[in-house]
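Participant: The whole structure should be built from the sequences, with the hints applied where relevant.
Number of protein chains: 4
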Amino acid sequence: MATATDQVILALSCPNRPGIVAAVSTYLFESRCNIQEASQYDDPDSGRFFMRVVLNAVGAPVAVEDLKTGFAPIAERFQMAWTMRARGELRRVMLLVSKFDHCLTDLLYRWRIGEIPMIVTGIIANHSRDTYAHIDLDGIPFHHLPVTKETKLEQETRIWDLVKETRSEVVVLARYMQVLSDGLAAKLKGRCINIHHSFLPGFKGAKPYHQAHERGVKLIGATAHYVTSDLDEGPIIEQDVERISHQATPDDLVRKGRDIERRVLARALSWHLEDRVILNGKRTVVFPS
Amino acid sequence: MATATDQVILALSCPNRPGIVAAVSTYLFESRCNIQEASQYDDPDSGRFFMRVVLNAVGAPVAVEDLKTGFAPIAERFQMAWTMRARGELRRVMLLVSKFDHCLTDLLYRWRIGEIPMIVTGIIANHSRDTYAHIDLDGIPFHHLPVTKETKLEQETRIWDLVKETRSEVVVLARYMQVLSDGLAAKLKGRCINIHHSFLPGFKGAKPYHQAHERGVKLIGATAHYVTSDLDEGPIIEQDVERISHQATPDDLVRKGRDIERRVLARALSWHLEDRVILNGKRTVVFPS
Amino acid sequence: MATATDQVILALSCPNRPGIVAAVSTYLFESRCNIQEASQYDDPDSGRFFMRVVLNAVGAPVAVEDLKTGFAPIAERFQMAWTMRARGELRRVMLLVSKFDHCLTDLLYRWRIGEIPMIVTGIIANHSRDTYAHIDLDGIPFHHLPVTKETKLEQETRIWDLVKETRSEVVVLARYMQVLSDGLAAKLKGRCINIHHSFLPGFKGAKPYHQAHERGVKLIGATAHYVTSDLDEGPIIEQDVERISHQATPDDLVRKGRDIERRVLARALSWHLEDRVILNGKRTVVFPS
Amino acid sequence: MATATDQVILALSCPNRPGIVAAVSTYLFESRCNIQEASQYDDPDSGRFFMRVVLNAVGAPVAVEDLKTGFAPIAERFQMAWTMRARGELRRVMLLVSKFDHCLTDLLYRWRIGEIPMIVTGIIANHSRDTYAHIDLDGIPFHHLPVTKETKLEQETRIWDLVKETRSEVVVLARYMQVLSDGLAAKLKGRCINIHHSFLPGFKGAKPYHQAHERGVKLIGATAHYVTSDLDEGPIIEQDVERISHQATPDDLVRKGRDIERRVLARALSWHLEDRVILNGKRTVVFPS
Chain W
1 MATATDQVIL
11 ALSCPNRPGI
21 VAAVSTYLFE
31 SRCNIQEASQ
41 YDDPDSGRFF
51 MRVVLNAVGA
61 PVAVEDLKTG
71 FAPIAERFQM
81 AWTMRARGEL
91 RRVMLLVSKF
101 DHCLTDLLYR
111 WRIGEIPMIV
121 TGIIANHSRD
131 TYAHIDLDGI
141 PFHHLPVTKE
151 TKLEQETRIW
161 DLVKETRSEV
171 VVLARYMQVL
181 SDGLAAKLKG
191 RCINIHHSFL
201 PGFKGAKPYH
211 QAHERGVKLI
221 GATAHYVTSD
231 LDEGPIIEQD
241 VERISHQATP
251 DDLVRKGRDI
261 ERRVLARALS
271 WHLEDRVILN
281 GKRTVVFPS
Chain D
1 MATATDQVIL
11 ALSCPNRPGI
21 VAAVSTYLFE
31 SRCNIQEASQ
41 YDDPDSGRFF
51 MRVVLNAVGA
61 PVAVEDLKTG
71 FAPIAERFQM
81 AWTMRARGEL
91 RRVMLLVSKF
101 DHCLTDLLYR
111 WRIGEIPMIV
121 TGIIANHSRD
131 TYAHIDLDGI
141 PFHHLPVTKE
151 TKLEQETRIW
161 DLVKETRSEV
171 VVLARYMQVL
181 SDGLAAKLKG
191 RCINIHHSFL
201 PGFKGAKPYH
211 QAHERGVKLI
221 GATAHYVTSD
231 LDEGPIIEQD
241 VERISHQATP
251 DDLVRKGRDI
261 ERRVLARALS
271 WHLEDRVILN
281 GKRTVVFPS
Chain H
1 MATATDQVIL
11 ALSCPNRPGI
21 VAAVSTYLFE
31 SRCNIQEASQ
41 YDDPDSGRFF
51 MRVVLNAVGA
61 PVAVEDLKTG
71 FAPIAERFQM
81 AWTMRARGEL
91 RRVMLLVSKF
101 DHCLTDLLYR
111 WRIGEIPMIV
121 TGIIANHSRD
131 TYAHIDLDGI
141 PFHHLPVTKE
151 TKLEQETRIW
161 DLVKETRSEV
171 VVLARYMQVL
181 SDGLAAKLKG
191 RCINIHHSFL
201 PGFKGAKPYH
211 QAHERGVKLI
221 GATAHYVTSD
231 LDEGPIIEQD
241 VERISHQATP
251 DDLVRKGRDI
261 ERRVLARALS
271 WHLEDRVILN
281 GKRTVVFPS
Chain U
1 MATATDQVIL
11 ALSCPNRPGI
21 VAAVSTYLFE
31 SRCNIQEASQ
41 YDDPDSGRFF
51 MRVVLNAVGA
61 PVAVEDLKTG
71 FAPIAERFQM
81 AWTMRARGEL
91 RRVMLLVSKF
101 DHCLTDLLYR
111 WRIGEIPMIV
121 TGIIANHSRD
131 TYAHIDLDGI
141 PFHHLPVTKE
151 TKLEQETRIW
161 DLVKETRSEV
171 VVLARYMQVL
181 SDGLAAKLKG
191 RCINIHHSFL
201 PGFKGAKPYH
211 QAHERGVKLI
221 GATAHYVTSD
231 LDEGPIIEQD
241 VERISHQATP
251 DDLVRKGRDI
261 ERRVLARALS
271 WHLEDRVILN
281 GKRTVVFPS
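Protein chains in written order, with UniProt numbering: chain W, 1 to 289; chain D, 1 to 289; chain H, 1 to 289; chain U, 1 to 289.
No wet-lab data here; the hints were simulated from the structure.
Owing to the predicted nature of the structure, the values given are computational and were not obtained by experimental measurement.
Copies of the same chain look alike in the list, so a pair counts if it works inside one copy or between any two.
Think about it this way: if two alpha-carbon atoms lie no more than 25 angstroms apart in a straight line, the pair counts; the simulated DMTMM-like pairs of lysine to aspartate or glutamate are: (1) LYS204 with GLU214; (2) LYS256 with GLU242; (3) LYS149 with ASP182; (4) LYS204 with GLU242; (5) LYS187 with GLU169.
Facilitator: Structure below.
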């Protein structure tokens, strides 16, 4: 099997009409590429077509830039929103965090052992470095950007500057407990992933585990979603739940929730980095692994 | 092991204070009873204590009435809300249903093979008997009580009369798609179980599967709860979920939901009939099987 | 969206080589077909390629026979094992059952309400009709074929005759508790689905719930698989599990297991009928719904 | 609510006979203790009775030693195997690990944030300290004890010495990939927890994820169990599973498995430390949290 470095991932969406798969696959065949895995979906509601292809070159290695150049006219003909990347080319990811570091710790572990291949361009926290004293950052730049109501504008400008300076393609709110302003949310549209500690749309807003305890639900959950200006309403990427009993205190829910949060966020980020997630209006198409 | 007919189930709740378990278990011991299974829980929020005991007589069979008489003074001393029943003595259950009969069919199947031991006192439907032509009612009385806004008062009065006439202890809304009035809900407090076709508190009200599709959630669920005058806000007994994909249409969600609904309702009813569910304000204590 | 009657499903597998998707999709495009949903998978182990396409005609309705005729040369070129069917054309399914009828009852319910579209060609049971007295067979032919060691050959010959006479394409062992002979298993290769009441490969053979209780596992499950001459070793289509506690008796496991069995078997049959399941040696490729 | 430091946990098992709960709870009441949470279970197979009580003192703080002294005669009368501990008194735990450190990392994280309260007495690895370079051991003694067939006896003797020297009550094989000898297993009976990377009893022995891939199962799992001299046959404490697809390679299963393993092991260890797990022959009673 071709290794990741030989593979290319094409992801696209466009208005549906006949001939899209034929055009794409014929182009790939004529470019001497082999399709290793592919999924297509035609949404009857939105009238849009979604496609993801993992391919490798047959014989000589494929030059992604050449492949992109050749693909551009097809993309234009079908009005595609599309990306094509060498699988082995790592994406640049900025992590934001507040006091609770279970998601940060988990993502860094998965990154270190190669489970989530990426370049972590930096960590931005509104708490100081010693809050995370036990975490080996392995040389990742750490930025302490405290924030108050009065300084929020400046702090967000600094975040945005850091994203630009580091050429970060993806921003992860790994239990970053500050609401992004509409302005920053707009700039990060479709590439900023948040983990909300409830099974949305239940228990929006603050202290969802306390709300869940109050309501007496029998399962709690977490939701990873793209950040939009509409708080807790962004397109959902992944959700999961665990069973709880009447004995569980709010603190127990927080504890159980940590496990759900970290695995839901890790899945969402992995899938995003593998171009498995494509926006479909207020929803997402997620081609499963 | 003692068979069900030999067993007695005691369930109680009361303000917490030391000595409750000692008083109860000493009484049972002196009454020559053996504790087969028991659970206790002290809720720090409400300050209430909850207990469920399955017991059997050692030697001569136990007369539940005698056991109750002897227990009454203890119950009074600790201000208990309590029930004590012979496990083999079947409870009387009335089923209400509208057009969709998957929950009804499922409950009747479980009843027929002895999985949910009960006496089904009748079926009340706002659709006519031929809607359920394929179901063998096995002699269970069927009552067609159509309802309109204008006749709702009369129809509910008739329902209440049937509940009284049949001495039904439990009422199950097995996808009965009419909202009970506050008055009827009040009369059935703590003994009327509804199945809502969403993972509450998400997607209250009508067409929850369409709401779920619109929102793009990745799991759908169902919720069994006690009916209160506050729609979809009653104490939750049981919930469950299943994973869905972006391909799922609202009709697919309805189809998947049927499986979740019927198993959640069956569990909730079973647990209620086994006295595993005790009300705790707006929540429930459920001692697991 | 095109309704099921307008849709055609193509499913295929073949040795992997470049150009398969291009050839298939170009053919479909030139035949004025639109791809609504598709999945491809290239198995690096077996070197085989798998593909499933749901398509509909653009404009004039598509004649499946014509589409098949045109596709045959492509299929030959790539050495494909393939099927192409009008989605609305119902498959013919024979159900086999023994004493426990929960899977049979469930499949018939799903068939009746249109959830599993199929033609049930008959029910074969080694118990008599009155064992299933409460089931409305709705005119489905019922065949009582009792079996002993001595009569097994004759009984299986009769089963095979019934399968042929009724032109049944699929045979479902819906808790049919007789082991098929190698001969009959061979004739039904790839189209006979069994439900085994354990999470295979754990607890093969008889009384799996008793084995599970004995071993003290914390989850029990069920497995739907294609029948092969190698007992409990056939390619797995679907599995699921539920959590159990130390309190559960073998009877409780049997009861819980019924729920798992019926939903696992229903999923497996649905997926098979929708051509989502393709054999891959001793394993299966299942394109998810 | 009483904090952990005020609470005492009593766990016991004994031959079943009437009067056990009465004797225990009367003693606790007379010792001015309040029962906060309790569970009892009478196993009809083994004829043994199991009980776990969380209690706190009413008024003056309770001296556990006094409580134990007073309880001893009751324990003797009923032939109890029992423990009674102050909840706030941390147990001493030794962790053993090989190359893969996901379980070790996870347990240390949970320990650090207080989720699993314990004293980690040391880490024993058959790989050198630099294998775990990124882990902040926070002063926990690290012992590199490499092992070969020839040195196994000496190495295990050293392990046992370390367990004794550090007064470790619990030993956790956190993906320690060496089989313990019968001798060492016997010394650690009922207090050595292993995580096996399959859903036992399926896929015993080496490379279970490769076995699972070969067999084509649709769910993979992990099992935490007490170590016995019978490899992979010890009493099961906890199991969990996740769904996989036909696309998953053995490496994908290993990756998915890491998540299951670490949460299953963490739950098993937590429950063991909270005295929720009581041995019942080859099985366990686990009183749920």
